[in-house]
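Chains as they are written, first to last, in our numbering: chain A, 1 to 500; chain B, 501 to 842.
Just so you know, the hints here were simulated from the structure itself, not pulled from any lab data.
A quick note: this is a predicted structure, and the numbers were derived from the prediction, not measured.
For each residue, glycine too, the CB sits at the ideal point set by N, CA and C.
Just to be clear, a hint being listed does not mean it is correct.
[As the list claims (entries may be wrong)] Taking beta-carbon pairs under 10 Å as the criterion, some of the chain A residues facing chain B (in silico):
(1) 30
(2) 333
(3) 343
[As the list claims (entries may be wrong)] Cβ pair distances, simulated, as ranges:
(4) B:681 <-> A:349: 47 to 57 Å
(5) A:66 <-> B:825: 34 to 44 Å
(6) A:370 <-> B:827: 53 to 63 Å
(7) B:524 <-> A:220: 28 to 38 Å
(8) A:106 <-> B:550: 53 to 63 Å
(9) B:648 <-> A:487: 19 to 29 Å
(10) B:812 <-> A:113: 24 to 34 Å
(11) B:705 <-> A:422: 24 to 34 Å
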Amino acid sequence: MSAGRSPILELQGITKSFGGVEALRGVDFALLPGEIHGLVGENGAGKSTLMKIIAGVHTEFSGRFLIDGKETHFRSARDAHAAGIAMVHQELSVAPDLTVAENVFLGNQPTNALGLVQWRRMAREAGEQLARFGIDVDPMSRLGDLPIGLQQLIEIARVLFSGARIVILDEPTSALSPPEVERLFTTLRRLREDGTAIVFISHFIEDILLVSDTVTVFRNGRKVAETASAATSKGALIEAMIGRGGEALEHSYTDDLMLPQPSDSTVVLKADQLSLARSLKDVSFEARAGEVLGIYGFMGCGQQELSRILFGKLKPDGGTLVVDGTPKTFASTAAARRAGVALVPESRRDMLFHQEPVYKNISISILDRISSLLLKPTQERDIARRQVEQLQIRPPVVGLDLGMLSGGNQQKVALAKWLTYPPRLLVLCEPTRGMDVGAKNDVINIVRDLRARGLAIIVLSTEPETVLSLADRILVLKRGALVREFKNEPVSKDRLLEAA
Amino acid sequence: MASSETAFAEAHRARGLAPFLRSQMRNIAPFLTLIFLSAFFAFASPSFATLDNLGNILTQVSVTGIIAVGLTFVILCAEIDLSIASIANVTGIAVAYFTLQESYVNIANIPLPGAVAIILSILLCALLGLVNALGLTVIGIPSFIMTLAMMQIAAGISALLVRGQIAYKVPSLITTLGSGSIGGIPWIVIVAAIMLLGGHLVLTYTRFGRYVYMVGGNREAAEYSGLNVKLILGAVMVISAVCSGIGGMLGVAHFGSAQQNEFDTYLLDSIAAVVVGGTSLFGGRGGIGNTIVGLFVLGVLNNGLDHVNIDSFLKILIRGLILLAALIINVYAQRLREKAAE
Ligand SMILES: Nc1ncnc2c1ncn2[C@@H]1O[C@H](COP(=O)(O)OP(=O)(O)OP(=O)(O)O)[C@@H](O)[C@H]1O
Ligand SMILES: [Mg+2]
């Protein structure tokens, strides 16, 4: 912004290839102290790759790398850390088996003279730090037991308060609901005042415009634009991202949207008085064939638990599930799948096999449909190829290990696995998380297509846009109870937020 | 489409030799160890690198090989089975218990026709495997603890059956398979080869085999894919117990006697064979091919040390050190692979 300041970090002509595929081609990037720098681009554009270079995760690349004007070469993430660079990765990198406090202090626990960890002090300080960030959890609880959004918040808090001069946030808000996002932005602005340089990656263009000073757009491994946020607009950014007029793609849902007349087709699933410990209270609803039921609520409102109950992953304490007229108690996810229920959870880590090729990830849930005893690899690959083409997964190579795909493309694979033999009821948690505008639109079209084919679909999300873009009928879940139903009436982002 | 896809795949795959080798460390390291050990012993002793001795090595690793087939399934699922040696022992004892012994053998046994004896013995080990399976999946006892208990239970049954005595006779089919040979090739080697091949085919070409790898690779994801994870885990525990049982019956025939604690060394040897071969203790990586290489590393090591002139007490320590080295490589191979994948 102000020409007087010299960049804290400067990259020149960065090129990075994974084998023959160039993920970055001659990228220049500079970061000023006390600036929030937004980064946007389609799935696979190279955003995460560039950030991983800065954070010392990828160490082999060509180009110049300067910190405070001095040429530097990190040999590991530890070097980057020592240079004051901290990053929240797109994939959560928390330690689920450690306590919240241990996660906050990961790598630098306070110790006493004997080198023993000072548990009490650690718990207290972790609690204080999290409270400053508006998070209220017991610092001694196991992190993996918390909802994924809370885990994400805790990881963000750890990085923000690590004292780093350069903070990189790779899609930090994907699991957060509006109040948390607001709190995050307040904290970011405060850090900016202190001179911290912040990189903020997101597919929510409005957020980017709201919080960042400068925006850089990536396309296909190249930097295609860099402007002051004040001097650009959503439409212009989307156009730069995808190279065509994009305004039609992204709806902002601030205006009222009319929900259709509720359908009276067959009830596929009837949930009656579901309850679960402190998470859910007497939740009852019906999901009908050919209808998309949206369930909206803030993070931690019980959505996650509800989706797990529908798929037999959690057992409710009370209440019944009726699928196609028969009462069911799912003993396992396998039983739920046999009854025709499918779930795409919000976490890719839980859903996918990172060390296995894409086609095995897609075929895993339908193996029993295409083969009895022996595998049929050719058929598996054909099916996977069709899905990859339909969902435009990039790169379109079904033999590639899943871990080599960009985050958004992994999310598409998670959806692809259920599409070959559509279930009766499809439960989608945050189906567009981490997807670029084009991909979101693809998902919307796919869901509409599945609805037209008579599936009952339940979409659970903490993003009002996701629910509004997909649902025919919307339930609002608040602290484990259904508090409002929107049907056959106007609805908007504000109305949803108000109800939640 | 197809051609651009292959080009893409090629480009992604062709990431230079070094990263490729790093990602394949898990398979390469055990193989290099094997070549190195063989070369060393061939150089150190003229009697090592002979056809006769190769036959010896094959025979020596056969029982371990049979047991290791099932254990490979278990370790691929990121579980462990510590009861393999005890189950082998009790099954070997059971088959002798159901066979008519010479009058001087002082065991109150129940003589039955050979086929019945064999079937009952296999049912016994399958049942013990099923108990492991239920403990692990239904009750939720970690396999390490559950099979530790089973190790003791099986040893207890063995003790009750033989009461400190030694039995010698087993059904003639078992005698043939355990100690006979055909065309100069011992039957036990053939059985081991067939079982290893069978295990490999199941793991590579069947749906069940794929499930084993997927459950081992990411159990949570397997569950979210609607796989019956408990069923798969239960099945591998039963497979492991049955393989151990077969190994135990043939082993008894091979050694010529059935007695308490006869198989104790096979626990460590089988685990070592699987892990030294490069199958990941964290699950999802490796396979029967790795186990075969591991078996040979162990076989060459055990056999070769007998051919060179060193203190026999030192040999035990040397074995331990070499196993430690292999374990370190196993863990590092995992990290290198993760590194190469980035
Ligand atoms: N470890 C890897 N091995 C091989 N290719 C990789 C690897 N990591 C990333 N790529 C490839 O590099 C390209 C850029 O990926 P990157 O993760 O930087 O995208 P991104 O802009 O962060 O996308 P998203 O919005 O989906 O997260 C993609 O084509 C991806 O498949
Ligand atoms: Mg990314």
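Now for the hints, and whether the structure bears them out:
Proximity of residue 30 (chain A) to chain B is violated relative to the hint, the smallest CB-CB distance being about 25 Å (cut-off 10 Å). The interface hint given for residue 333 (chain A) holds, since its Cβ lies 5 Å from the closest Cβ of chain B, which is under the 10 Å cut-off. Against a cut-off of 10 Å between C-beta atoms, the interface hint on residue 343 (chain A) holds, since the closest Cβ of chain B lies about 7 Å away. Against the hinted window of 47 to 57 Å, the Cβ-Cβ separation of residue 681 (chain B) and residue 349 (chain A) comes to about 53 Å, which satisfies the hint.
The hinted range of 34 to 44 Å is satisfied by residue 66 (chain A) and residue 825 (chain B), whose Cβ atoms lie roughly 43 Å apart. Between residue 370 (chain A) and residue 827 (chain B) the beta carbons are some 39 Å apart, a value that contradicts the proposed interval 53 to 63 Å. For residue 524 (chain B) paired with residue 220 (chain A), a C-beta distance near 31 Å keeps the hint of 28 to 38 Å intact. Our hint of 53 to 63 Å for residue 106 (chain A) and residue 550 (chain B) holds, since their Cβ atoms are close to 57 Å apart.
For residue 648 (chain B) and residue 487 (chain A), the hinted distance range of 19 to 29 Å is not satisfied, since their beta carbons lie about 58 Å from each other. Between residue 812 (chain B) and residue 113 (chain A) the C-beta distance comes to about 49 Å, which lies outside the given range of 24 to 34 Å. Residue 705 (chain B) and residue 422 (chain A) have their C-beta atoms about 28 Å apart, which keeps the hinted 24 to 34 Å range intact.
When the structure is compared with the earlier hints, violations turn up for hints 1, 6, 9 and 10 and for no others.
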